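> This is what each chain is made of:
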Amino acid sequence: MRSLQRVEENPCRPRHFRPPPPCTPVIADERASALLETCRTRLVATAALFAVVFVVVMLRLAEIVLLSGGSAESHVGRIRPVAPPLPMRADIVDRNGRLLATTLDSPSLYADPRQILDADEATRAITSVLTQLDPAELHAKLTSGKSFAWIKRRLTPRQQYAVNRLGIPGLQFEHEERRIYPFGDLAAHVVGFCGIDNVGLAGIERALDKQVKGAPGPIQLSLDARVQFILHEELTRVIADFSAKGAAGIIMDVRTGEIVAMTSLPDFDPNHPGRGDAKLSPAEAKDRVFNKITLGAYELGSVFKTFNTAMALDSGVATMTKQYDAAHDIKIGRFTISDYHGKHRALSVPEIYMYSSNIGSARMALEAGAERQRNFLDKLGLLKPVPIEFDEVAKPHYPRHWREVNVITIAYGHGISVTPLHAITAVSAVVNGGILRTPTLHKLPPGSVQPGERVMSEKTSDQMRKLMRLVVEFGTAKLAAAPGYVVGGKTGTAEKNVGGHYVEKKLLSDFVGAFPMQDPKYAFLLLVDEPHPNKQSHGYATAGWTVVPAASRIIQRIAPLLGVQPVDEASPAITRALAVESLQGKKIETY
Amino acid sequence: MTRLGVVFWCVLVAVAGFTTFKVKYAVQDIEDQLNRVRRHTIAEQQEIRVLTAEWTYLTQPERLADLNRRFLQLAPIAARQMQRTIADIPLRAPAAPAAPPAGPPDVPPDFVAGVNSDPDAPPTPADALATTPAALTVTPAAAPSPAGALPAVPAAPAPTVPGPTALGPGVAKPGSLDALVALMVTPAAAAAPAAPIPAGAKPATRVQLAKAGPAPTPGALDALIAQIADTR
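Chains as they are written, first to last, in this note's numbering: chain V, 1 to 591; chain U, 1001 to 1232.
If we strip away everything but chain U, and leave its shape as in the complex, we get (with noise of 0.2 Å):
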């Protein structure tokens, strides 16, 4: 009976001994792990630092205006462009001729009345596209595309935009950044474009956007470091 009772002492000690030793090693290993993730975790916030401040410096309203005048000349968003109430906002035009032989019972007869009685409301598509946020309506073939400047811009994508361009140069205003700014910084605060855009256009311009942004300057918040450290 005692005999029995040494042992099973003794196993207890042991393993409690071992699980000890077993529990410590662990929680030094999870200890580890976690140090080794804040240290990852204070060098990425390090390294996020250093890159929302080159960001900052990359999209200086002053750069993005410079940009804007060479590549991409948009222009503020002007009043009238803006829609006052949603139902300025024209239905599918081209579809709601033939579609109503009896009525969609559930569009509201004032509202219809509203769009066609507001002399804003433009009736088709086409007349659609002229209020649409100068913003929308990138013109490449009058931007100046110096050869050396911009590789990236194929020489004549004039043909994938079909609409817009006739608008284009003479409302686009050079100088102007607003709407620019406005798409980068706080797409909300910028008035969405109220009027419907053909299937088409859209695509053609977010590619066109996308080619013509130039290059991220590698090492531009170098430069603004070096001449701070070259004046002080």
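So here's chain V without its partners, still in its complex pose (with noise of 0.2 Å):
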């Protein structure tokens, strides 16, 4: 009460205060005393839990700050997960992982001049990196007071990391990706090539371009880089040799239908087609792109006796003793049929193929008929386009009334264009045991085997192997004998048709073959456009002087990579399996 009263009388108390009415006071209850010591104790220990925890936050700060000099690691700049870019195109290898195309980073300088301090020191810095750079338009460049600028595009690996390492504040890059080539033209055709914007163009870019997009591991194909840079050589050398116009040529396992090699010359190279030399018309530089393989349609010529001649083997019209007539010419129309090199007489099978006799094979032919013939030719896979993975596949040209002129005709490889993937298509049927494979640029997993067709009978097959080994034994085909490895084939001379007439100065000159003959494991077809005799060929420019020694060379060449062992070819084994009995001792005269 004093206190109220005490307040009250204060004059300078503030005017609307009033004292709060006097508590009442506390009575030691026992309860109530046990209740505040309760909250007490709690208070306490809540203080203390909070001084424990302030202390140990001194304590660490103290840690970090003085003992161990601020070098705690630090959670605040974390490093941000990332996701592992895949490039827009896997990469393309051959059967050995060889890198046929990648893609790099290849990334472009940019500049904000903007940001740019010192524009001469900048200007000294990079032209001592990029050399190529004049220093003045640069200099320029960086003055300019724009907030863009290219410096150069598409800069190598090593000279981003050598302005990156300049530090200068401004320069930016942009990352972009570009397909490489690492091996240029070698396997040009085969692999195709890309657009700017990574779109294939041509090839297997082009053909598989979804699948290289979407794989994940590269994509490997069957072909060799050995083996096609030596297909190459020497196809270049056949060219430089002949002066002709060009050459091609294919190498196949003849078991699984995989493409070992694949060649067409004149190529290009693949990181800048369609450039290359600056001399060339466009013509020029559109036929460096036709893939002769897969695009020419031909006629073969000669080689069409092998399809012929096997034809009339199995379908049981001749057999291995039977004789034609080759003495005589054959009139029809206005077409005389005669032999490059007659022996006027009547000549077995055997015979007809080892001399490549026009006369004997088109009796044959007309023996067997023309549905048969055409049958036949169907089921080999020579009326459709060939199945490969490829767009670029030609149609093969064909007469639509199949009359008596055609079936003599296309008994020795005239009047029917086919491109040479679809003569080794078929060659590699006749030869492996009669089925017929897809042919195939994946590589396929080691010991699989396509599901093939068969198309004629092993017998049939058999004897066409002997036949085959006979023409380079005797025939046309002698100088593509490669010790050890018993070749095998049939030569095939065509004159190019120009506006539908045969031009005899214009050639085009094949072989088709397969090694080692007594167990195929790899069928081949050389090609040469327009060769022209030179003093080694003794005035010839026909296929025994020009793509056969070739053969001989890239056989040599190839056999060890491929794996195939040599053989003794005079030992009684090899010799008994390609005898022929019709011809066992008898002189057999030499084409």
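Hints were generated in silico from the structure; no laboratory data involved.
You may find that some hints are simply not true.
Stated by the list, open to error - For the chain U half of the interface with chain V, some residues (derived, Cβ under 10 Å), not all of them:
| # | residue |
| --- | --- |
| 1 | G1005 |
| 2 | W1009 |
| 3 | C1010 |
| 4 | L1012 |
| 5 | R1049 |
| 6 | V1050 |
| 7 | T1052 |
| 8 | A1053 |
| 9 | W1055 |
| 10 | T1059 |
| 11 | E1062 |
| 12 | P1076 |
| 13 | A1078 |
| 14 | Q1081 |
| 15 | A1087 |
Said to hold, decoys possible - If we take Cβ atoms under 10 Å as the criterion, some of the chain U residues that face chain V in the derived model are:
| # | residue |
| --- | --- |
| 16 | E1047 |
| 17 | E1054 |
| 18 | Y1057 |
These numbers come from a predicted model, not from an experiment.
Note that beta-carbon positions come from the ideal geometry of N, C-alpha and C, so glycine has one too.
Make one complex out of these two single chains by using the hints.
Here it is in structure tokens:
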């Protein structure tokens, strides 16, 4: 009460201040005091807890700042998770994993001139690294005051590293991807190339565009870069030796249908397709991109006698001992069918094939008939486009109405145009025991075999192998002999049909065959376009003098790489396997 | 009793909180580490891509053929250099005549006979050397060593290779690369040398190979990319 009075008496008190009513005296109740005690304890405990936490924080601070010199790992600048960047296009590799096409980061350098602090210094530094740049031009760019200026497109990784090391603020990289073909023109037609926007425009790049884009790993082709190089080199030599217009070659595994090498010359560098020499006319540049193997349909000439003979033997029309009159030319309409090197007598089937007799082949085909011939060629896949991975595949040309004259000319490879790919696929079937397999550019897992279609009996295939061996032993392809590798094959030389007329001087010489003949593993086809005779060829430009020697060189070089064991060609096992019974004991005239 | 309970729970909460805190940061640390490693991996992978491309560019068959022409002059393996059967591989000839007084029981007689009856089988190591694939008979003496082009090759390395020099230049066909390519790309594909090689010859050859290999041109791929950049 006294205190209240004292307040009220105080003249300085605030006007509305009313002192609170005096508390009721606390009665020292036992329960209440216990409660108070509990509260107190709780407060103390909480305070102690906080004190401990603060002490811990302080200690930790002291430890970080004072003891470990501020080096404790920071949790602030966290490293953000990264997704591995998949290249836009997968690599393409050959069957041994050698890179045929790859995608590399190819950064382009640009500058923000407004951020460049010292243009003189920057110019000096940049030109010291990118020596091709013109300092005056660069200086002008850096002082332009714009916010963007390209300095150099498509730096190499080394240049990028060097520029980065300069540490000039205001320089930035724009990441772009660039398709690189490290082997250049080696497999240009097979691998193809990409446009500037990384879309496949030719070859595998085009045919498997989706696969190449989506693949997590490299795409493995059936090609072997080493074999490809040898084929490429030897064909280049053929072109040079016979001043030819072009050449092409293909090597196929007859057991699986895998294409081991495929070359078409002249070719191009897929790193800058359609450019090459500035001297080239557009037509020439186009010719370089043209793949003769899959896009060129040619009358392959006598090579077709292989299919004709197989047809006659397989259908039972002819046997190995049967003889046909080859002494007299065949006259039909205004055509006369004669032989290039006539023997002027009756020839047996092996002799017809060995001496490449047009008359004998025609008589064989006539005996078999148009329907049989057509059906057999169709079965061999020679009348429809080859179902390979490529988009660029030509259709064969053949007469719509299969008349008698067509039967005759087709017997020796005229009046029907097929691509070299057709021919080698069919020849593989002829020599591998009679199974036609789809050619493929994908590497197949070792040991796996594609399902094939039987197109002739094993016996016919066996007989054809003997005949093809005969051609190399005694016939037109003697120069193809590669000691130890038992080569067999059939040559063909066709006059090119220009504007409906056959031109005598424009030849297409080709040679198709396989090795080793006792158990064929690889088939090959070589073709040279418009070869001209030279001194070594004794004035000939026929297949026997142009591509056949090249075949021998190629086989001797590639066989060890492909793991083909050489054999002793004179050993009884080999001669027995390849002997033609009907010619045994006779003296064989050489071609 | 209650008090003890309270203390227990308090301690539990504190411990739980602290553990959570610890674990969270530990996990964050590990995640950071993982991301760092991932970044490194990606950087390495990119680097490997570039190096693979560069390696492929530097080992173009055409370039190797040229290098072979200039420095090694290896020839492709000819069929006659390859042994056809296991019996064609000669036994250690010089030791053989002295060794079997009683005849080694573990060598089948037909095997020995096969060796002797084969006309191709070289009877002595000197002859055996003649059938050694030319891939291994390097002939440094025959290699034209332009002074400027190849400073690393010693001026007169000929004495280090004892035997093969005699055979070299005649057999070695310039411009053939297959043997080299076979060695570099898939060693297994090229038929392994069948004939035994005297102990001294091979190391010497190796040294030659190592020395003759020109230093890789730095930035060869750069040249290619630069070329592409210029043309596009």
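> Does each hint hold? Answer for all of them.
A quick look at each hint next to the structure:
Restraint check, G1005 of chain U versus chain V: the minimum CB separation of about 14 Å is more than 10 Å; hint violated. Using the Cβ-Cβ criterion of 10 Å, the hint placing W1009 of chain U at the interface with chain V is not satisfied: the shortest such distance is roughly 12 Å. Interface hint status for C1010 of chain U: upheld, as the beta-carbon distance to the closest one in chain V is roughly 8 Å, under 10 Å. Hint status for L1012 of chain U relative to chain V: violated, with the closest Cβ pair at about 14 Å, above 10 Å.
Hint on R1049 of chain U holds. Least Cβ distance to chain V is approximately 6 Å, under the 10 Å limit. Below 10 Å, beta-carbon pairs count as interface contacts, and V1050 of chain U has one with chain V at about 5 Å; its hint therefore holds. Hint on T1052 of chain U holds. Least Cβ distance to chain V is approximately 6 Å, under the 10 Å limit. The beta carbon of A1053 of chain U comes within 5 Å of a beta carbon in chain V, closer than 10 Å, and the hint placing it at the interface holds.
The closest approach between the C-beta of W1055 of chain U and any C-beta of chain V is roughly 8 Å, which is under the 10 Å cut-off, so the hint is satisfied. With 10 Å as the threshold, the beta carbon of T1059 of chain U comes within range of chain V, its nearest partner Cβ sitting at about 8 Å, so the hint holds. Because the closest C-beta pair between E1062 of chain U and chain V is about 7 Å apart, less than 10 Å, the hint holds. Taking 10 Å as the C-beta contact cut-off toward chain V, the hint placing P1076 of chain U at the interface holds, the least distance being around 5 Å.
Checking A1078 of chain U against chain V: minimum C-beta separation of about 7 Å stays under 10 Å; hint holds. Against a cut-off of 10 Å between C-beta atoms, the interface hint on Q1081 of chain U holds, since the closest Cβ of chain V lies about 9 Å away. Interface restraint check for A1087 of chain U: the shortest CB-CB distance to chain V comes to about 13 Å, outside 10 Å, so the restraint is violated. The interface hint given for E1047 of chain U holds, since its Cβ lies 8 Å from the closest Cβ of chain V, which is under the 10 Å cut-off.
Below 10 Å, beta-carbon pairs count as interface contacts, and E1054 of chain U has one with chain V at about 8 Å; its hint therefore holds. Proximity of Y1057 of chain U to chain V holds as hinted, the smallest CB-CB distance being about 4 Å (cut-off 10 Å).
Against the hints set out earlier in the document, violations occur for numbers 1, 2, 4 and 15.
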